[in-house]
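Visitor: Single-letter residue listing:
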Amino acid sequence: MIIDSIDNLQNALREQLYIADRGLATSIYLALKLNRPLFLEGEAGVGKTEVAKVLTRLLDTDLIRLQCYEGLDVHHAVYEWNYTRQMMHIRLLEARGERPSEAELFGPEFLLRRPLLQAIENAREKSPVLLVDEIDRSDEEFEAFLLEVLSDFQITVPEIGTIKAERPPVVVITSNRTREVHDALKRRCLYYWIDYPSFEKELEIVQAKVPHASAQLAQQVTRFVQELRRMDLYKVPGVAETLDWTAALVALDQRALSPSIVDDTLGALLKYQDDVAKVKGDQARLLLDRLGAL
Amino acid sequence: MTSLKEPDPDSGHLLHNLLLFGRLLRGLGLDINPGRMIDLTHSLAYIDLSRRQDFYHAARSLLVHRHEDIPLFDAAFEAFWRKPEEGWVTVDLPGLSRAQRRRRPVITPPPLRDAGSAEQQDKDQTPVENRPPVIQVTMTYSAREVLRHKDFADLTGEELDAIKQMMAALVWQLGERRTRRRQPGRGRLLDLRRTIRRSLKYGGEVMEWARREPKHKPRPLVILADVSGSMERYTRLLLHFVYGVTAGLDQPVEAFVFSTRLTRITHELQGRDVDEALREVSRAVQDWSGGTRIGESLKTFNFKWGRRVLGRGAVVLLISDGWDRGDIDLLHHEMARLQRSVHRLIWLNPLLGSPEYEPLTRGMQAALPYVDDFLPVHSLASLEDLAERLAGLNERRPERRQFRVLS
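Line by line, the protein sequences are chains L and B.
Numbering follows numbering that gives the first Met the number 0, in which position 208 of the first sequence is assigned residue number 207; successive positions increment by one, without gaps.
Numbering follows numbering that gives the first Met the number 0, in which position 301 of the second sequence is assigned residue number 300; successive positions increment by one, without gaps.
Possibly wrong hints are sitting among the right ones.
[Claimed, not checked] In silico DSSO-like pairs for lysine-lysine, Cα to Cα no more than 27 Å straight-line:
#1 L:52 <-> L:125
#2 B:149 <-> L:234
#3 L:200 <-> L:163
#4 B:216 <-> B:303
#5 L:208 <-> L:163
#6 L:270 <-> B:149
#7 L:277 <-> B:303
#8 B:216 <-> L:200
#9 B:149 <-> B:163
#10 L:163 <-> L:270
#11 L:52 <-> L:279
#12 L:279 <-> L:234
#13 L:52 <-> L:234
#14 L:279 <-> B:163
#15 L:32 <-> L:52
[To be verified] Here are the in silico distance ranges between beta carbons for each label pair:
#16 L:181 <-> B:77: 26 to 32 Å
#17 B:186 <-> L:64: 46 to 52 Å
#18 L:197 <-> B:265: 30 to 36 Å
#19 B:391 <-> L:69: 22 to 28 Å
Since the hints were made in silico from the structure, they are not lab data.
We treat Cβ as the ideally placed atom computed from N, Cα and C, and that holds for glycine.
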């Protein structure tokens with residue numbers, strides 16, 4: 000589809016069941032138009048990764064995902080040689096009494112393409128979406144490397160040469176901010192901080208994503224979660240948790256919240272024992288009372 | 000939202016204003032990249048300028064890349080892109096610059112108790128250039144030894160300068176942690192890439208197996224220092240110590256001070272000059288010599304900063320005398336959480352240097368079960384011991400008592 004305005008993009012996202020603020024839509028739109036990576040930061044479960052997935056569907060292209068972790072290196076992010084095939088090849092040549100040449104052994108047919116190389120090399124018709132997920136889990140070495148790749152969308156494999164992207168991928172980088180990502184990397188990107196949604200927006204998300212939930216349940220769940228976010232908790236629930244919880248309640252055939260069902264299903268919402276202990280029982284009852292569910 | 004004045008592309012007004020805006024932001028301490036300024040001018044072709052909101056988000060997402068800079072950007076944006084009737088750029092810029100990053104009213108830290116003499120105070124206020132050249136060098140061995148063991152609280156002005164010099168000479172190094180990154184070496188993992196490459200020399204016969212080993216990196220360090228009233232006699236020298244560690248270590252160090260509330264001083268300590276850095280710190284901290292609420296301060300730390308700075312097996316130095324006037328249950332709770340989030344929790348107590356000291360205060364009693372190491376920090380000798388201990392940290396640590404209590 001052709002995206003030619005922010006409104007247009009916002010509607011298209013909505014059709015894909017992604018409810019985006021005008022600000023986020025503007026950033027995504029500019030990322031597409033200016034060919035810049037989009038750097039999304041925010042608490043866990045606010046829908047950062049989802050942006051990349053929705054964009055993939057919207058652009059009708061492929062998603063290439065690179066999940067970051069400490070120690071992520073070139074062999075797992077960019078390319079690796081297929082050693083088994085190389086050894087086989089050596090043995091075959093030996094059997095014929097020949098000696099392997101380096102150029103042959105380190106040629107494209109022995110190259111295993113990892114996500115970054117796939118995204119750059121793209122032998123496809125459309126630019127893929129490259130999702131670099133949770134960059135804050137990687138280490139400085141990888142960050143520096145990524146910076147190099149993103150600055151001119153090219154990768155050098157010493158044995159083969161430089162591979163440059165003809166159509167640069169649409170890049171989405173996400174971070175939960177468990178550590179500060181270096182400014183140099185962020186500077187190259189469009190930066191957007193995704194906040195927890197307002198009540199209206201979250202309700203809209205719940206209704207779009209869990210259509211089987213009754214209107215009453217959707218309202219109550221959203222209000223309950225919004226109240227929880229105001230409490231002194233170690234980890235307040237994200238939108239992903241709201242959706243999980245709603246789905247759990249629907250699976251249990253609940254049409255409205257009650258104290259006992261809240262206590263039983265709180266684990267879908269809160270992931271720290273301290274937080275569960277704090278909310279379970281009296282506090283949950285109090286919240287339900289406040290939002291008129293009792 | 001009011002709409003921007005319809006731009007006249009020929010007049011170049013908008014472009015001019017954009018550049019001015021960029022300069023304003025830079026002046027406010029934002030990290031503005033010229034490349035992104037150019038992108039912003041390009042982006043004008045894609046957005047409807049009559050929608051102020053769109054222009055705002057375009058500018059923000061291109062020019063701001065730190066979450067904490069957003070409020071400052073918002074203020075600048077509001078002030079700069081006002082309705083045309085009020086004039087384009089004739090805004091209260093001086094008023095705005097008062098909001099500059101990390102600029103707050105000056106509250107000087109308390110002087111050292113025995114530095115209360117007029118002479119010492121005068122000296123402290125003399126600008127660096129005019130200060131008399133620092134003494135010592137020819138101190139005898141025994142004098143130096145005495146000084147090494149002298150309590151920080153009992154130092155005279157001259158001794159203080161000598162101690163500061165000796166402190167600056169301390170070498171800081173932090174024990175390493177095994178990372179998940181590998182490098183060529185003698186580990187157990189095979190490095191097939193190098194193995195095959197080497198084998199080519201022998202016609203494809205593997206003569207030796209190349210291997211990889213885990214890479215080691217120093218652990219992250221986080222310092223939490225108590226600057227409340229009861230710590231007053233030690234505060235200034237301990238901040239010198241914090242600066243020394245920050246400047247002396249290769250890896251980044253996160254530093255915070257607290258009395259009634261927590262202040263992050265990591266940025267303030269970045270300067271090259273210790274006195275300048277400490278002046279920055281004193282500007283940033285609002286509650287020098289206040290009461291102590293360790294539990295509350297730790298809670299703020301755990302909530303706001305824990306997840307951001309305690310990753311990767313961090314070591315935490317908590318400097319306090321344990322005099323706490325806050326909620327003791329909370330202190331229990333937050334200490335337990337802090338210890339669970341770090342590799343090693345080291346409590347440094349200046350009072351521990353005195354032989355008759357016993358950790359009997361309520362705060363210290365509450366905190367002790369959650370401390371991995373309990374060490375003195377009252378003299379240069381104790382700092383040297385600390386330096387040695389930090390350098391020797393390895394994967395192992397003393398057994399934690401909180402788990403024994405819980406199980």
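Visitor: Run every hint past the structure and note whether it holds.
Guide: How the hints compare with the structure:
{"no.": "1", "hint": "L:52 <-> L:125", "result": "16 Å, holds"}
{"no.": "2", "hint": "B:149 <-> L:234", "result": "46 Å, violated"}
{"no.": "3", "hint": "L:200 <-> L:163", "result": "41 Å, violated"}
{"no.": "4", "hint": "B:216 <-> B:303", "result": "26 Å, holds"}
{"no.": "5", "hint": "L:208 <-> L:163", "result": "39 Å, violated"}
{"no.": "6", "hint": "L:270 <-> B:149", "result": "50 Å, violated"}
{"no.": "7", "hint": "L:277 <-> B:303", "result": "19 Å, holds"}
{"no.": "8", "hint": "B:216 <-> L:200", "result": "44 Å, violated"}
{"no.": "9", "hint": "B:149 <-> B:163", "result": "13 Å, holds"}
{"no.": "10", "hint": "L:163 <-> L:270", "result": "44 Å, violated"}
{"no.": "11", "hint": "L:52 <-> L:279", "result": "35 Å, violated"}
{"no.": "12", "hint": "L:279 <-> L:234", "result": "15 Å, holds"}
{"no.": "13", "hint": "L:52 <-> L:234", "result": "25 Å, holds"}
{"no.": "14", "hint": "L:279 <-> B:163", "result": "53 Å, violated"}
{"no.": "15", "hint": "L:32 <-> L:52", "result": "18 Å, holds"}
{"no.": "16", "hint": "L:181 <-> B:77: 26 to 32 Å", "result": "30 Å, holds"}
{"no.": "17", "hint": "B:186 <-> L:64: 46 to 52 Å", "result": "29 Å, violated"}
{"no.": "18", "hint": "L:197 <-> B:265: 30 to 36 Å", "result": "33 Å, holds"}
{"no.": "19", "hint": "B:391 <-> L:69: 22 to 28 Å", "result": "24 Å, holds"}
In this structure, the earlier hints numbered 2, 3, 5, 6, 8, 10, 11, 14, 17 are contradicted, and the remaining ones agree with it.
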